[in-house]
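The lines below spell out each chain.
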Amino acid sequence: MADSSHPIELTVNGEPAEGVVLGRQLLVHFIRDTLGLRGTHIGCDSGNCGACTVIVDGRAIKSCMQLAVQADGSDLRTVESLSAPGEELDELQGAFTKHHALQCGYCTPGMLMSATALLDDADALTLDEIRRGLKGNICRCTGYVNIVHAVEDVAERRGKRSA
Amino acid sequence: MSIPTPTPTRTDERITTWTPPAPNAPSVGQSIPRKEDRRLLQGQGLFTDDLWMHRMGHVHFVRSPHAHARIVDVDVSRAEAQPGVYATLTGEEARGLTDRYPQIAPEPGGSMKDWCLAVGKARFAGEPVAAVLAETRELARDAAALVEVEYEVLPVTLDGVATTRPDAPLVHEEVGSNVGWKGVYEFGDVDWALEHADHVVRIPHLHFHRFSSTPLECNAAVVNWEQGTDTIHILSNNQMPQFAAMYLAPALGVRTDQLQFRSQDIGGAFGLKLTSYTNITAVALLSRKANRPAKWTEYRSEHLVGSCHGNERTFEGIEVPVMADGQILGFSATAYDDVGAFMRYEPLGGVIFSQVLPGCYRFQHLRVDYRTVITNKTPVGPNRGYSRLQHLWMVERIVDVVASQLGLDPVAVRKRNYISADQFPYETPNGCLYDSGDYHGALDRVLELVDYDGWRARQAALRASGSGRRIGIGIGSTLDSGTSNFGQARLINRELQYSGNGEAAICKLDLGGEISVALGTVPQGQGHETTTAQVVGDTLGVSPDEVRVLAGADSARNAYVAFSGTYASQFAVTGIGAALGAARALREEILMVAASVLEAEPEELTLVGATVSVEGDEDRAMTFAQIANLVYANNGAMPPELADAVTLNRRFVYRPPFGVPDWRTKSGHLTLTYASQFHACVVEIEEETGQTTVLDYAIVDECGTPINPQIVEGQVHGAAAHGVAAALQETLEYDEDGQLLNGTFWDYHVVSAPDTPLFKTDNLPRPSPFTPTGSKGMGEGGGGPLHAVCSAIQDAVGPGVVVTDSHNPTERVWELVNEPSVGAREGAEVISR
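These protein sequences, in sequence, are chains A and B. Those letters in the first sequence? Residues 1 to 163, by the working numbering. Those letters in the second sequence? Residues 1 to 833, by the working numbering.
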């Protein structure tokens, strides 16, 4: 059976973008293969690991769990939106390097996007809320300790850390 | 009584990145920011799947749904007829195009036939049987579903002990049994010790379970067999490419110098990306057949069922001679190491465990009767802590069971038997030389860090309260032996021409005076670019920012030896040793040129800020740029004897001081360094449900001189998370037909942030006398949490029952508490004299 194809238009990292996607094409494949934004990674194909996390219309979602066609008309943010090559790292990225919150770096883009949404959404975060808030993102290198502390550090700086 | 709450280490007590040190201040020993971080944080890393090439096709493997089945027929005609399909490959075709892979094992295991695709029969569910190359990943997967394979299902063998019995189905007929290798390690006089000890503690059965540390990036390769130049370009995440080359080249019938390996960023490996050469072979054959680049990226379900797992090991008939004062004289045990359907990296596990034969202890009488056994399960790979963690887990179980059965304090038994700080370097009964350590001091420190006395008091109070909850406090003492002597391979196969170890690096001053270092290592997150820059920068008097480090495989750079790669806890010794050697050689050349131009003696010169100057007369100076210009672009102006002597491009191979171990006695200097870790774990068990919660966790590690303490701590955290995960959540289980029951991340329960304790850590350096910087390899961690969590559960359940499995999920803990007679958990037995 031939694949169906669908034109879509969306905003990607603040810029308008358009493309023709296959009916069965996953959003993560559209991001990586069509848009060429390779910072968004694939780790499990089943919505468990969060390496493909992006922010769509303000919410962190797993882009392997959506079809590309579903992103039509949406506002999509990927890790590349946080800071561009040659630019200063953003506050969260800076905290990740300060606390050594990444090793191999494969989970990092998804982790940053989840944490960005978590920090943007919350008024106040306890340590346990930060740990639970990152539950959808698997990291196999760091044991999470330093990731939790990096997010905690940013929450503190933004006055969003609660006991 | 309220639930005791853990007290996580506070942010302000933690190691965070320091600002880079002042010019000319040494950076080694400081937690400078990692050079790798920027590209990874900005989504600019280069992982294998990130590479796209013009005309590139995608590979999908057809896998056996059966654990053991004769392949009657493979029909690829419907797949080949699909639009967009470039080529297919079957097992029979691969047999015609390649030679079987060489085997490490001697006969009989060595007669095993292993190709990149199943030939004749499939031996585990998930084994690749055929492969398709097509225009897109979706078309390749669609076409693979149209490959028709006719199977005749065969009986399976799945149990690591039962598989050795004569009536078990044979996995490889040519081997003649399912025992791929066996050998007895015997030192001292165990029989004498068992006869003369005050007590003999018998533990009939211990089982170390099968799990995988599942790197988040699956295996991947892009192979372009460029037929004009007959060069095979391989961008992959294989973590030991030159080892892979030694398998690939004879299988493909090509020269090793045709294989151009390259890697950049790798999304974790943990030993599980060593044996991907089988898949790379098939991808290479498809690339040649279709005359176009071929990309293969595993799906997670393929990775779990079809790549490799950690070794599963069953110990039987353990006997432990113990004196009345708690001195343990040694032990005797039989080990069945279940390696699944193919040997591949095995039977190296059959010698590697003996690097740590007595664990942290002064045991003198030791016997291990070891078998490498074959089953219809996924093959194993050297998962983090490889072969030592299984053995060390048994050793720590022995110590705890002895303490529990004889009513002794587990801390006191450990201290009674640990090697003491003044005994280093310590020679074990099998000739291994433990370089340095302070096990007593580290145990004291970790008990203080976890507040051992406080938890003992809370444990007693909770017990008295009748709350239906119990606290258990456990200890795990473990070793991370690193920088292996490859000569130990001769203890399993005396014909193998391997010995020693080493790593290569090239350090050069480039055309404009820039310093660059090419490494032979293949890092997967260990921060090699950063620590190398620290060591090289200090040697050449520049900041680490000024040193460009080229890490990852690149055959064209020529910075490799056969041992090159990143595995087995050795970078801080071999990789750093190579980079340091190359930097020192370059420094000598820089001084030689400057001394000639500045008319000074080399001893009068200092290197600061990429400038060489005469000490006390700083106007007489030369920048690195001027030196580079002279050598590369102005050599007519140089004295000929100087021009002949310098290249500003120095390759250095670090070689540890190893000889060849003695295959007759199975003893010798097997490993250069012994990092140690001491874990203390507090769990709470809810009796009614078996729910087990880690309340507190502390780790003290010792790995010689840390080059970058924050990176060291990160490795400690990561290894500890793998161990806690394996102890409580992660297990690979098969049904009676040999189907893996948890082949996705829905049912293979990888730990997440809320499940992982906020580990408290400390580091007590005891510099190694044997290594270039006093550092030791330390990345694997030795599986400390498996020991400590079992120890804590044992402490909670008491002496009436023995924790016999390394994996203790809720239901097993519930049984231990409520129905200790259920299942195969035979208790221990004490015979006293």
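Hint data in this document are derived by calculation from the structure and do not stem from the laboratory. Keep in mind it's a predicted model, so treat the numbers as computed, not measured. We put the beta carbon where it would ideally sit given N, CA and C, even for glycine. You may find that some hints are simply not true.
Okay, the calculated beta carbon distance ranges per label pair [claimed, not checked]:
#1 A:135 with B:632: 46 to 56 Å
#2 A:121 with B:179: 35 to 45 Å
#3 A:135 with B:226: 44 to 54 Å
#4 B:96 with A:4: 37 to 47 Å
#5 B:709 with A:158: 54 to 64 Å
#6 B:444 with A:135: 28 to 38 Å
Right, here's what the structure says about each hint:
{"no.": "1", "hint": "A:135 with B:632: 46 to 56 Å", "verdict": "55 Å, holds"}
{"no.": "2", "hint": "A:121 with B:179: 35 to 45 Å", "verdict": "58 Å, violated"}
{"no.": "3", "hint": "A:135 with B:226: 44 to 54 Å", "verdict": "46 Å, holds"}
{"no.": "4", "hint": "B:96 with A:4: 37 to 47 Å", "verdict": "41 Å, holds"}
{"no.": "5", "hint": "B:709 with A:158: 54 to 64 Å", "verdict": "28 Å, violated"}
{"no.": "6", "hint": "B:444 with A:135: 28 to 38 Å", "verdict": "36 Å, holds"}
Figure legend: structure checked against the earlier numbered hints; hints not met, in rising order: 2 and 5.
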